Amino acid sequence: DIQPNVNIAIGAATEVIAGEGMIVTAGGPGSFNMKMMLQAVDSLPLSFGFTGKGNTALPAGLPEQIKAGAIGLKL
Numbered sequence: 047d048i049q050p051n052v053n054i055a056i057g058a059a060t061e062v063i064a065g066e067g068m069i070v071t072a073g074g075p076g077s078f079n080m081k082m083m084l085q086a087v088d089s090l091p092l093s094f095g096f097t098g099k100g101n102t103a104l105p106a107g108l109p110e111q112i113k114a115g116a117i118g119l120k121l
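The sequence shown runs contiguously to residue 121 in the working numbering.
Don't take each hint at face value.
Keeping only pairs whose Cα atoms sit at most 25 Å apart, straight-line, the calculated PhoX-like set for lysine-lysine is [what the hints assert, rightly or not]:
1. K99 <-> K120
2. K99 <-> K113
3. K81 <-> K120
4. K113 <-> K81
5. K81 <-> K99
In short, the hints are calculated from the structure, not lab data. Computed from a prediction, not measured in an experiment: that's the story for all the values here.
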């Protein structure tokens with residue numbers, strides 16, 4: 047809490063990083079990114095499984111990751 051009246055919801059699709067001295071664009075492992083990762087390895091002759099983030103402030107983000115193709119959730 048370093049800014050008054052600013053609240054940030056931290057969930058499964060968000061990542062908190064220190065951004066001092068960096069040009070940072072917000073992003074996270076949402077359903078689009080999961081789809082792109084699965085698509086990137088689709089042509090490879092190996093079995094791949096990607097886990098989603100299991101720690102969230104709101105539980106609504108957890109099923110979203112599984113529906114997107116995550117094989118599990120990691121803490």
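Taking the hints in turn, this is what the structure says about them:
1. A C-alpha spacing of about 5 Å is found between K99 and K120, which places the hinted pair at or below 25 Å, so the restraint holds.
2. Among the hinted pairs, K99 with K113 is consistent with the structure: their alpha-carbon atoms are about 13 Å apart, no more than 25 Å.
3. Note on K81 and K120: the hinted pairing holds, with a Cα-Cα distance of about 18 Å set against a maximum of 25 Å.
4. Of the pairs offered as hints, the one joining K113 and K81 holds, with about 10 Å between alpha carbons and a cut-off of 25 Å not exceeded.
5. Distance check on the hinted pair: K81 and K99 sit about 15 Å apart at the alpha-carbon level, within 25 Å; holds.
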